[in-house]
Amino acid sequence: MDLFLGGLTNILTDPFAILMSLIGVAVGIIVGALPGLTATMGVALILPMTFGMEPVAGLLLLSGVYFGGVYGGSITAILLKTPGTPAAAATALDGYVLAQKGMAGKALGTATLSSFVGGTISIVILMFLSPVLANIALEFSAPETFALAVFGLSIIASISGKSLVKGLIAGMVGLLLATVGLDPILGFPRFTGGNEQIMNGVPFIPIMIGLFAASEAFKTMSDVNVKEKVKVKIGKILPSWPEFRNILPTIFRSTGMGTFIGIIPGAGADIAAFVSYNEAKRFSRDKSKFGNGEIKGVAAAEAGANSCTGGALVPLLTLGIPGDAVTAVMLGALMVQGLQPGPMLFKNNGDLVYTLFIGMIICYVFMLLMGLLASRFFVKVVEIPKEILTPVILVLCVVGSYAINNSFFDVVIMAAAGVVGYFMQKYDFPASPIVLALILGPMAESQFRRALALSSGSYDIFYTRPIPLALLLLSVLTILTPIVKAIWQQRKNGHR
Amino acid sequence: MKKVDFFVGLALILLSAATWVTAGQFPTVGDTDVGAGFFPKLIAVVLILLSVVMMALSFRRQTQDGAEEVSTSWSKIILGFVLTFAFLALIFFTGFYISAPIFLFVFMWLFGYRKPISVVVVAVIVTLFIYLVFEMVLRVPLPAGIFFE
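Just so you know, the sequences run in chain order A and B. For the first sequence, the positions run 0 to 495 when numbering that gives the first Met the number 0 is used. For the second sequence, the positions run 0 to 148 when numbering that gives the first Met the number 0 is used.
Just chain A, with the same shape it has in the complex:
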């Protein structure tokens, strides 16, 4: 309890941090709303700016962008049928129909309220769950951590993108890239070709900025489609109280699912949104309404997506393993601030963590206020032409990647990653597995070898202890399930 109060006091006496939350959420909503800018990209671009800030302020700025970004996509999803962010794709299904029926305001208001409720509850869950998990994680040793890293990798590889094979390939390429540099145990330089700059490994943040931000910018630039102006009348913003009461169960259910999905390393807001949407449809008595302007669809998708944010922060903070692509970026932020996420974070910086939690709730409050009051403003912002946006984003990418290490080499890497990332996207190779592999790969390898050192070279350390065994089995299951499903589908289709 006193940690909670301590956090509250810290935040209230830190106006700069509060300001950063506000700015973060505002930027996040704008980034989320603009198609062609994703929440991940926003966080990646803002990350270098947190370099010189106090940890709490910097992390709240990023959290604000994260939360606002996931929510912001719903604005364009509802008004233009174009989700500003993948997580808002499910919102568009019913949101846009509602807008066409003249009820855009209600849809927007519902999206705002659902995101707020979902997000806030997930942060509360985060607050109570993470100390528990951190305690368990304190007992973790090398074999457990190795298995956890493998689990995270297996999920992200199978979930991203349409093709399991391509996801796994992306993950493997990322792992390979991660081996460049000094070997973690022996210090032997691998694949460095004598280049001193790579001794510490490939620069992770510039690659991330390139893959997530620059490649998106390139993609926006190359797509030839016309943007329609928003002609939809907005109308009243809030749903009525009885209506709201009616959708509350949907919101709560979606929040539960979204938070849980967020906790699973690798699964992100877009999945949470769709699962919540589908479940809401399954639970409803009149399924035909979904897709035809059912307000519960909007509520489910948005609550699910935003509740994923709190969930994704759980493995990040307690185990140091990202819950999705955005939290992978935030891992970078924590490293830049010199904080090592994991159980130690709670032990050594407990008050900082709680201050952060309270700050995150404040972010969501800001989001609620801005969503309800300033929706019309955000709609205007969406009309900025992409000919202006694209070069500005590219400039920010350059600045950001330079600022981390004052290294021009990093900028070139970023640009190269941007080009590669563009082609990857074009040919359906997902980019998230690469980034996660860059983080989890070194972790997996060093823990694997350390585990072997502990067991004097015997591999049974991985299957005689319960947690590693369970996680490794889950990993295999995660990878095999899509394959089995595909083969089964083939058989079914073959018998027709």
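If you are wondering where the hints come from, they were derived from the structure by calculation, not from laboratory data. Hints may contain errors.
Unchecked claim - For the chain B half of the interface with chain A, some residues (derived, Cβ under 10 Å), not all of them:
#1 7
#2 11
#3 34
#4 53
#5 72
#6 87
#7 106
#8 111
#9 127
#10 129
Claimed, not checked - Sample of chain A residues lacking proximity to chain B, with all beta carbon distances greater than 10 Å (derived):
#11 13
#12 14
#13 138
#14 247
#15 259
#16 292
#17 347
#18 381
#19 476
#20 481
#21 484
#22 486
Said to hold, decoys possible - In silico PhoX-like cross-links for lysine-lysine, where the CA-CA straight-line distance does not exceed 25 Å:
#23 100(A) with 379(A)
#24 161(A) with 1(B)
#25 75(B) with 425(A)
#26 218(A) with 1(B)
#27 1(B) with 484(A)
#28 218(A) with 114(B)
#29 80(A) with 218(A)
#30 218(A) with 100(A)
#31 2(B) with 161(A)
Model, not experiment: these values are computed from the prediction. Note that CB positions come from ideal geometry on N, CA and C, so glycine has one too.
We have chain A already, so just place chain B on it with the hints.
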């Protein structure tokens, strides 16, 4: 799945083979450690397997062509890449604060946004904003360019 998959697969197989050979020369120390080459070689093997699978799948005829291809303008993409790398080169020689407004202006102009006043305003304001945030608030210096160092 298309031709691209086939060639990417091929390239990856070559990459993995090269990795295998190079990593084979990495040292091992002691009996409990698998050595510096273990992981790279493991990854290389898995990558070869996956690439073979992907190449095999690339021959499969496409059953549904449901996904609408967003038409890409190759000229725009090449232009974008060229401008970006030109930007980097320009920064290298003349520094960030000269290159950025030029890049912004040229990019916007070449991509069709032709309102001169707006373009200049955007170029100047963005550069100014970056200057304020990075040099003043964060105290992170940006490249000055070798002509000026």
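A quick look at each hint next to the structure:
For residue 7(B), the shortest C-beta to C-beta distance to chain A is roughly 7 Å, which falls under 10 Å, so the interface hint holds. At about 7 Å, the closest approach between the beta carbon of residue 11(B) and any beta carbon in chain A falls short of 10 Å, and the interface hint on this residue holds. This hint holds: residue 34(B) has a C-beta 8 Å from the nearest C-beta of chain A, less than the 10 Å allowed. At about 5 Å, the closest approach between the beta carbon of residue 53(B) and any beta carbon in chain A falls short of 10 Å, and the interface hint on this residue holds.
With 10 Å as the threshold, the beta carbon of residue 72(B) comes within range of chain A, its nearest partner Cβ sitting at about 5 Å, so the hint holds. At its closest, the beta carbon of residue 87(B) sits 6 Å from a beta carbon of chain A; the interface hint therefore holds under the 10 Å criterion. Taking 10 Å as the C-beta cut-off, the interface hint given for residue 106(B) holds, the closest approach to chain A being about 4 Å. Checking residue 111(B) against chain A by beta carbon gives a least distance of about 6 Å; that is within 10 Å, so the hint holds.
Checking residue 127(B) against chain A: minimum C-beta separation of about 12 Å lies over 10 Å; hint violated. The criterion of a C-beta within 10 Å of any C-beta in chain A is met by residue 129(B), whose closest approach is roughly 6 Å, and the hint holds. Consistency note on residue 13(A): stated as away from chain B, and its beta-carbon is indeed over 10 Å from all of that chain's, at 16 Å minimum. Even its closest Cβ contact with chain B, about 15 Å, leaves residue 14(A) beyond 10 Å, as expected for a residue assigned away from the interface.
With a closest Cβ-Cβ approach of about 23 Å to chain B, residue 138(A) is found to remain outside the 10 Å limit, as its non-interface label requires. Against the 10 Å criterion, residue 247(A) stays outside the reach of chain B, whose nearest CB is about 36 Å from its own CB. Every beta carbon of chain B lies more than 10 Å from that of residue 259(A), the smallest distance being close to 30 Å; the non-interface claim holds. No beta-carbon of chain B comes within 10 Å of the beta-carbon of residue 292(A); the shortest separation is about 24 Å.
The Cβ of residue 347(A) sits about 26 Å from the closest Cβ of chain B, beyond the 10 Å cut-off, so the non-interface label holds. Against the 10 Å criterion, residue 381(A) stays outside the reach of chain B, whose nearest CB is about 16 Å from its own CB. Residue 476(A), annotated as away from the interface, keeps every beta carbon of chain B farther than 10 Å; the closest lies near 18 Å. Once the 10 Å rule is applied to beta carbons, residue 481(A) is consistent with being away from chain B; the minimum gap is 13 Å.
With a least beta-carbon separation of about 16 Å from chain B, residue 484(A) lies farther than 10 Å from that chain, consistent with its non-interface assignment. Annotated as non-interface, residue 486(A) keeps its C-beta farther than 10 Å from every C-beta of chain B; the closest such distance is 13 Å. With a CA separation close to 21 Å, the supplied pair residue 100(A) and residue 379(A) stays within the 25 Å bound. Our distance criterion of 25 Å between C-alpha atoms is met by residue 161(A) and residue 1(B), whose separation comes to about 14 Å.
Note on residue 75(B) and residue 425(A): the hinted pairing holds, with a Cα-Cα distance of about 15 Å set against a maximum of 25 Å. Annotation: proposed proximity of residue 218(A) to residue 1(B) holds, straight-line Cα distance about 20 Å (limit 25 Å). Our distance criterion of 25 Å between C-alpha atoms is met by residue 1(B) and residue 484(A), whose separation comes to about 22 Å. Straight-line distance between C-alpha atoms of residue 218(A) and residue 114(B) comes to about 23 Å, which keeps the hinted pair within the 25 Å bound.
Restraint check for residue 80(A) and residue 218(A): the C-alpha separation of about 19 Å stays at or below 25 Å, so the hint holds. Of the supplied pair hints, the one linking residue 218(A) and residue 100(A) is violated, its CA atoms being roughly 32 Å apart against a limit of 25 Å. With a CA separation close to 17 Å, the supplied pair residue 2(B) and residue 161(A) stays within the 25 Å bound.
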